[in-house]
Every structure is written in structure tokens, then in C-alpha cells.
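Visitor: All chains, full assembly: derive it from the sequences and hints.
There are 2 protein chains.
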Amino acid sequence: MSVKAEWIAVDWGTSHLRVWAMQGQRAVAEARSDKGMGRLARSGFQGALLELVDDWLAEAPIDVIACGMVGARQGWVEAPYAAVPVAPLSGAPIRVPDTDPRLRAYVVPGLKQVKPADVMRGEETQIAGFLALNTDWDGVICLPGTHSKWVHISAGEVVSFQTFMTGEMFDQFSTVSVLRHSVGEGWDEDAFREAVEMTLSRPETMAARLFGIRASDLLEAVEGSVARARLSGLLIGAELAAARSYWLGQQIALIGASGMSAIYAKALELQGVPAIVADGQRMTLAGLNAARKLLEH
Amino acid sequence: MSVKAEWIAVDWGTSHLRVWAMQGQRAVAEARSDKGMGRLARSGFQGALLELVDDWLAEAPIDVIACGMVGARQGWVEAPYAAVPVAPLSGAPIRVPDTDPRLRAYVVPGLKQVKPADVMRGEETQIAGFLALNTDWDGVICLPGTHSKWVHISAGEVVSFQTFMTGEMFDQFSTVSVLRHSVGEGWDEDAFREAVEMTLSRPETMAARLFGIRASDLLEAVEGSVARARLSGLLIGAELAAARSYWLGQQIALIGASGMSAIYAKALELQGVPAIVADGQRMTLAGLNAARKLLEH
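Each protein sequence line maps, in turn, to chains A and B. The opening residue of the first sequence carries number 307 in our numbering; numbering runs sequentially from there. The opening residue of the second sequence carries number 307 in our numbering; numbering runs sequentially from there.
Quick caveat, the hints were computed from the structure, so don't treat them as lab data. Wrong hints could be hidden among the right ones.
Identical copies go unnamed one by one, so any copy, or any two together, can satisfy a pair.
To be verified - Capping the alpha-carbon separation at 16 Å, the derived lysine to aspartate or glutamate pairs in EDC-like fashion look like this:
1. K421 <-> E526
2. K418 <-> E526
3. K310 <-> E365
4. K599 <-> E312
5. K599 <-> D406
6. K599 <-> E500
7. K418 <-> E463
Guide: And the structure:
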């Protein structure tokens with residue numbers, strides 16, 4: 307309980323807050339809460355952070371470096387998007403004004419693409435972490451998640467990217483829509499593979515096949531695990547169809563939670579596309595380490 | 307208030323209950339509540355109905371003919387699906403056992419398609435109503451709604467059909483997903499047209515363009531009416547792409563609420579496909595009238 311931090315790394319998304327006490331490049335303690343940016347007004351951020359890190363602080367101020375939706379217009383401080391093509395950490399993080407004197411808090415800016423319009427906040431830090439650990443890496447990074455991203459990397463810069471709502475769609479369909487009556491726990495590899503092939507080869511069928519998950523359950527009492535894998539496969543196949551120009555003939559790195567990355571790796575493998583997998587949390591920490599080197603003090 | 311019904315027509319869906327006091331083929335009074343099938347246990351159906359129709363009843367029993375999800379396994383009585391190809395009203399409605407002695411209640415069976423698996427409950431009655439009013443009509447009927455249906459009609463039979471979750475997807479995306487921050491009231495015809503063309507010609511882009519609605523709002527502050535029309539257009543364009551084999555070169559009839567039918571008619575018109583429009587409620591009543599002729603008493 308007497309851990310003191312040299313600096314503090316923060317991953318602050320819409321629905322989660324995760325903090326690490328850092329000594330050099332190493333995390334020596336961590337904590338988390340559900341006080342994501344979506345639940346906080348501007349005046350609430352510092353308190354939500356201090357709840358988790360108060361014990362780690364000394365009297366002298368230390369650096370706090372945060373990435374994610376915390377930098378949105380409604381966040382702790384707005385960290386304006388940098389426009390691609392640009393390095394994932396394109397400049398110094400933005401200082402949060404008027405904090406507790408024990409903190410010097412900074413937020414990493416997100417990236418934007420003007421045409422087609424697209425944005426990211428948080429993924430740029432994971433990408434920077436991956437590139438710090440894999441110098442001179444060119445290729446495509448896929449970051450599966452609530453809003454999955456496909457990102458073209460060349461010469462250390464984000465050249466272009468594309469966001470898909472696949473994770474959020476899976477959550478909606480499996481918990482809000484009529485499909486919730488059919489989707490259960492577990493997994494069925496054959497059903498997943500078949501569904502991926504379906505929408506990847508004929509993406510227009512997605513709209514038609516979704517209700518089929520419910521209808522086949524009503525007519526044939528399909529297992530909940532089959533329905534789950536089928537729903538996931540239809541959505542990921544449609545994403546892969548739309549992202550084909552990103553992955554075809556490319557070197558792919560997946561950054562994310564291990565379960566989700568494994569599903570994407572399987573779907574890519576079915577297309578004969580090999581992918582390396584990097585742990586999302588580890589990349590976040592490596593990226594925040596890289597961001598710290600940019601601080602101007 | 308002293309209306310008496312010769313018989314009672316009932317449209318009983320998942321989330322609504324609508325009843326009409328009928329004299330011959332004419333509705334002389336109507337009432338509605340939100341006691342849809344989704345909110346009721348089997349023991350609750352009769353009470354929910356009597357709340358609306360009690361004043362219309364006499365001592366002698368009268369016929370009550372209902373269509374919709376009321377005939378599902380968890381409904382008032384299960385009215386098993388008839389398998390296509392089959393006439394939309396393929397046999398006598400199913401009698402509900404053990405009712406109040408003032409009622410002789412019946413439920414119209416839905417239709418099923420074995421492969422690809424699909425089901426309908428309620429739309430078969432609207433189709434029967436349309437065919438009763440348009441004898442010898444061959445072609446394709448589209449019924450837009452929460453779960454829109456495309457139905458191939460030949461020689462008075464439903465030959466095949468296909469369900470799309472377009473309406474439910476629109477509701478989810480516009481009220482639950484991150485797009486809810488961007489979708490507002492109103493309508494923009496140009497945005498709708500552009501979005502329909504996009505996903506109809508390249509259906510794989512739907513997965514990619516959905517998040518673009520949010521991103522372009524963040525970067526360019528898009529009007530809520532534009533975002534609404536764009537979301538609707540992306541979803542309907544994708545539905546039309548998947549339903550192409552239904553509408554291409556066909557005579558189309560749209561059955562539904564007038565606003566929704568007008569949107570689909572516009573999307574079809576953009577493809578050079580003319581459609582006639584029939585009012586959903588009127589078709590339901592015509593179909594229940596047709597079902598009444600099948601009663602065996």
C-alpha cells in the first residue's frame with residue numbers, strides 16, 4: 307500500500323478508467339473504475355482520478371499521461387485531433403489546466419481523417435506503442451473492439467484508417483434486438499466460419515441473414531452458442547469485406563483484448579492472411595511511455 | 307358509446323394491441339392499448355382484450371379474429387406456421403380455448419419458409435387483404451416496418467419471402483448506439499438518396515459508412531436531419547441490395563404505414579422501379595375480413 311508512482315499512466319475511455327503507477331517504463335500497481343468519460347462532467351474528472359491514485363501521490367507534482375475519450379470536447383481537456391497522414395503521437399500531449407498541485411496532467415490528442423471522415427482517440431496511443439516495440443514496421447494494424455479500426459502504417463505514420471461499429475453492433479443485436487432471445491453463451495467454430503464466408507463473399511446478404519438467426523431458432527431450436535458465433539461471423543465477415551483493401555496482401559498486426567483478437571485472427575486465417583497479435587493493454591502502456599518522452603518540461 | 311359489434315377484428319403485435327368493432331366488413335369503432343404480446347403471459351391476453359372491447363359485447367357470443375404475434379408459442383394460443391408455398395390464409399384460424407362465454411376467439415396462423423429459414427406473423431393477413439382487394443395480382447409485396455418483408459406472390463400463393471431487420475436496426479442505431487448523438491429530427495432528401503445509392507451499389511460499404519455518420523458530425527457538425535436521412539438511406543440501400551432478386555423487373559406493392567411506405571417508394575423510384583402503395587391498417591382489416599370467411603361454424 308506504500309507504492310509511490312514516478313508517474314501515472316491512464317487509459318480513459320467512454321465507459322472505463324484504468325490507471326497504472328509507473329516507475330520508469332514499468333507498471334508497479336494498477337487500479338480501475340467504471341467512471342468513464344461518458345459518465346463525467348468536466349468538473350468530475352480530477353475527482354474520479356484521485357479516487358484511484360491518491361495513495362500513489364507524493365507532495366512533489368508528478369506527471370499523469372492519459373489517452374482515450376478523456377481528450378474529447380466533453381472530456382477533461384479537449385486535445386484536438388491531428389490530421390492524417392501523421393505520426394500516431396504527432397506532438398506533445400495537451401496539459402490539463404488548474405489541477406491539484408500534486409498532478410501535472412496531460413492528454414494525448416486523437417487522430418482525424420478528413421475524407422472519408424473518421425476519428426480515433428486511444429488507438430493512436432496503442433499504435434505508437436506497437437511501433438515503439440516494432441521499429442520500422444510497415445503494414446496494417448487492426449484494432450478490434452467496440453469500434454474496430456483498420457489502420458494503414460507506412461514509414462512510422464498513420465496514412466489512413468477506417469472505423470467499423472462491429473463491436474457495438476454485436477452488443478446491440480445480442481442484447482437489445484429480437485436476436486437476444488436466440489443468442490446464448492458459448493461458441494461454435496463451424497457456424498462462425500460459415501457466417502464469415504457468407505458475408506465476406508456476398509456482403510449484401512448481411513441484412514438478410516441477421517433475421518435468419520432468429521427464424522432458424524424458431525423453426526429448428528438452434529443452440530445459443532451457434533447463434534452467437536453466427537452473429538459474430540456475419541458482422542466480422544461484413545467488416546472484412548469492407549476492409550478488403552486494407553488486409554489484402556498485407557502484413558497484419560492485431561491489437562486488442564486476447565479473446566477478440568483471436569476471433570479476428572481466425573477470420574483472417576480463413577482468408578489465408580496471417581496476423582501477429584499484440585496485447586492491447588501492453589500497447590497502451592508502451593504508447594503512454596512514448597508519449598511521456600514528448601513532454602516539454 | 308352504445309356501439310355493439312357484430313364481430314371484432316384484432317391486430318395484436320409484440321408491442322401493440324389494436325381492435326375494431328365490426329359490422330359486416332365495416333369498422334364502426336376502434337380502440338388500442340400498449341398491451342402487446344411481449345408484455346403478456348398467456349393468462350393475461352383475455353383481460354387485455356376485454357379492457358378495450360367490453361362495451362362492444364352482447365350476451366350472445368361473437369367472433370373475435372386476431373392476427374400477429376398473438377399466435378406465437380408464447381401468445382394467447384399457438385397458431386402453428388403454414389409452410390410456403392401456400393395461400394396467405396391457408397386454413398381456418400385457430401380457436402382460443404376456454405374464453406369468456408361472450409367471445410369466440412380465433413388467431414390467424416403465420417407463415418414459415420424452411421430454407422432459408424424465415425417466419426412471419428401478421429403480414430400474411432395484410433397480404434391476404436391486398437389480394438382480396440386486387441384479385442389475380444402477381445408480383446412482389448414489400449411490407450416495410452420493424453422487420454420488413456419482401457414477398458413473392460404468384461397465383462394467389464406466397465411463393466417465398468425474406469425478412470430484414472431494417473426498422474429495428476434504425477431504431478437501435480438512432481437511439482442506443484453512438485450515432486444517437488448525431489441523429490436528429492427532420493429529413494434531408496439529398497442525403498437519403500446519396501446513402502441509398504452508396505449501399506445499393508456497394509453493400510459492403512454499409513459497415514464502414516455507419517460510423518462515418520458520427521465522424522462527419524464530429525468533424526463538420528452535420529445537421530441531425532442529414533444524419534437521420536443518411537442512416538435510413540444506408541440501411542434501406544443495403545436492404546434493397548440484398549432484396550434485388552425480389553424487386554428487379556417486378557411489379558411492386560408496398561403495404562405499411564404511409565410515411566415508411568413513402569420512403570421505400572422513393573428508394574425504389576431511384577432505381578426506376580414503380581411501386582403502388584396500400585395502407586397497412588386497411589389491408590389488415592381486409593385480411594381479417596377474409597379470415598372470417600374461413601371460420602367453420
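Visitor: Taking each numbered hint in turn, which are not upheld by the structure, reported in ascending numerical order?
Guide: 5, 6
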